[in-house]
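Chemist: Single-letter residue listing:
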Amino acid sequence: MSMSAAPSPARPEKPRVGLFVTCLVDLMRPSVGFAAVKLLENAGCVVHAPVQTCCGQPAYNSGDRGTTRDLAMQMIEAFQGYDYVVAPSGSCAGMIKAHYPELFEEDPNWRARADVLAAKTYELTSFLVDVLGITKVNATFDGAVTYHDSCSGLRELKVKTQPRRLLASVEGLTLVEMQDSDVCCGFGGTFAVKYSDISGAIVEAKAKNIEDSHAPTILAGDLGCLMNMAGKLSRDGRPIQVRHVAEVLAGMTDEPPIGAAKANAIK
Amino acid sequence: MTVHSTSPQFKQNAARALNDSQLQKALGNVKQGFIDKRQMAADKLPEFEALRDSARDIKNHTLEHLDLYLEAYEEKVKASGGHVHFARDAAEARDIILKICRETGAKTVTKGKSMISEEIGINHHLEANGITPVETDLGEYIIQLRNELPSHIIAPAVHLNATQVEEDFRRVHTHLDAKRDLSEPVQLLTEARAVLRERFLAADVGITGANFLVAETGTSIIVTNEGNGDLTQILPKTHIVLASIEKLVPTLEDVSQLLRVLARSATGQELSVYTTFSTGPRRSTDADGPENYHVVILDNGRSSMLGTAFEEMLRCIRCGACMNHCPVYHAVGGHAYGWVYPGPMGAVLTPSLIGVDKAGHLPNASTFCGRCESVCPVRIPLPKLMRHWREREFERHLTPATVRSGLQLWGFFAKRPDLYRFATRAAMGVLGFAGRQRGRFSWLPMAKGWTQYRDFPAPQGETFQQRWKRERNGRAA
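Just so you know, the sequences run in chain order A and B.
Each residue of the first sequence is one higher than the last, beginning at 1 in the working numbering.
Each residue of the second sequence is one higher than the last, beginning at 1001 in the working numbering.
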């Protein structure tokens, strides 16, 4: 997918952004959604969050094209009116950008609508950097962090430098790269449950790399991966904090880290 | 019928592999070696990405006109004095090879590395008919001693450690001094070389695979690093090339392009140590070479992939980069896949060749991380093709009933946003309340797959949409 083809030459002064929070953020960690809202509003966007459920990826990756198409059409209807669609997830943005068009290969009308939506959909950090040209955020975070590149964002949307660039502007924050930051954490959606033995082994290797980086905090841009890594780290008693990158970039780290008890919350 | 498959037991195979400490130790080498070497080789060649495009295009063109190139190739082989045999399936290929061996009165057959020979199970067939096959690639030789299938398409014994090989050599090479020192890998290599040298000289027939069959010239090409392929095809009186239909390439120029991506993708070499061309039997002016030259070309289900979504899989040039970069392969190794071809390429190819009813697990056992596609030298969209298999399984009701009904229930809510918001608000409220102290669950009903290996982080309680409506009422679109 070309990133440069999407924005129209005449970018609106105050772009109207439809925020697709993604089903996981909606249900599990709304604070990530509000961090995204803050980042987008600080960048001059008008943020809307239309009624939404899921992009359909679980059905798509399970081979259920019918349900996937139904959910894709629901998404297109809900989000077509905005200048941009932004999601705090490379996986869900990638679903819309890279896969929606191919769902409607035999339906020119819906294909055209899917193409339009795909062209204006972005992962959060890539939208801020690549489309809005943001290079700095106004946030502080004390300490070292390491960053996990979630697979779909990295390989489908080429999200790699954007979150790092923004993190570099966070006051007090040092980014320490771990070994194999671009290797899968073993989540893979339903894979984590269907092939739990294998998923468990893959996330074990990831947890070791995180620990070996000696950073007390691990960040990533996809909540699925984050829940997987957080669940493994806490199961093994590794005292490492896990957060979505948007929380740190927005300076909204009052909520306890993912999978952590309220008492351990870092203020 | 082809080689027996344990693909239906993939989950059990995987569980066993994960608990096999020897295997886990050996798999560590795959993770480290291949990946860095490929990356360095690719970085050193500025046109590497363009070469991948060109490799893809060459293979696509060939597949579009495969019938013509097969015919042209056959003509050229005949003109050079060789014979071409087309085998519809594994049984036909076995019969053809056995017949050639019998006609030459063969007692022993040496073999270069060939995945097709694994696919048709030729070794067992020859043995059952009183002919001794001898694998001459070191890795293949080792797994032949162990009566195993290769666990990797270019490194067949990558699942083993040196100490295991030492045990095998002591068990089989009983004519050698029992007190000999085999503690160093080079000593194992020297011993294998000495044992195999006698076999090369005694063999009546040599069987090799082919990396490419060149239509323009009737040439078959193998790439090797040990030189065993050369001795296999030059010393015996009869040389049999065993290859599948998609190995065809139009011209030598095309081959030179494909060779530039093959070794780099596989081992990070610019070229393999040996790139061996063979065209027909020995000519009167040749110093050496076989008297008889046969090519057996196997279909075994491939032609029915042409014109379907899976045609793209036939571009594969068997470099192994996909499995070298696969987190699932790294975790369980090649044998867990249960048939001849492991890793992502096997997850797509195996269902085509033995049926998705048997190999259904393979395309499902992927996180779709996409690393395989990102390194494939002929740009096969492996995750997309695995997803196609999942779609066929879903259509044919091969998807497990629990997954199916779970999906149906989830889909029912996801398609009804108002009901969805109501139901999720209630569910997250309960879960958030229950998990408010610890922030996570070590156990949840019906979530054993998750909680067996990791905790389940507790939700914050309120959903985003609930809070958005509360805080920004009237502004929500």
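For the record, the hints were derived by calculation from the structure and aren't laboratory data.
Don't take each hint at face value.
Once the Cα atoms are required to be at most 27 angstroms apart in a straight line, the calculated BS3-like pairs of lysine-lysine come out as [as the list claims (entries may be wrong)]: (1) Lys1011(B) - Lys1099(B); (2) Lys208(A) - Lys1011(B); (3) Lys38(A) - Lys1099(B).
Computed list of chain B residues with no C-beta within reach of chain A, every gap over 12 angstroms [what the hints assert, rightly or not]: (4) His1004; (5) Asp1067; (6) Ala1162; (7) Gln1187; (8) Leu1235; (9) Asn1292; (10) Ala1336; (11) Leu1407; (12) Gly1432.
Taking beta-carbon pairs under 8 angstroms as the criterion, some of the chain A residues facing chain B (in silico) [claimed, not checked]: (13) Thr53; (14) Leu103; (15) Glu106; (16) Pro108; (17) Asn109; (18) Val116; (19) Gly200.
From a predicted model like this one, the values you see are computed outputs, not experimental measurements.
No residue lacks a Cβ here, since even glycine has one placed at the ideal position from N, Cα and C.
Chemist: Does each hint fit the structure? Answer for all of them.
Modeler: For each hint, the structure was consulted:
no., hint, in the structure
1, Lys1011(B) - Lys1099(B), "violated (39 angstroms)"
2, Lys208(A) - Lys1011(B), "holds (24 angstroms)"
3, Lys38(A) - Lys1099(B), "violated (76 angstroms)"
4, His1004, "holds (23 angstroms)"
5, Asp1067, "holds (27 angstroms)"
6, Ala1162, "holds (24 angstroms)"
7, Gln1187, "holds (33 angstroms)"
8, Leu1235, "holds (44 angstroms)"
9, Asn1292, "holds (48 angstroms)"
10, Ala1336, "violated (9 angstroms)"
11, Leu1407, "violated (6 angstroms)"
12, Gly1432, "violated (9 angstroms)"
13, Thr53, "holds (4 angstroms)"
14, Leu103, "violated (11 angstroms)"
15, Glu106, "violated (14 angstroms)"
16, Pro108, "violated (20 angstroms)"
17, Asn109, "violated (20 angstroms)"
18, Val116, "violated (18 angstroms)"
19, Gly200, "holds (3 angstroms)"
Violated hints, listed in ascending order, are 1, 3, 10, 11, 12, 14, 15, 16, 17, 18; each of the other numbered hints is respected by the structure.
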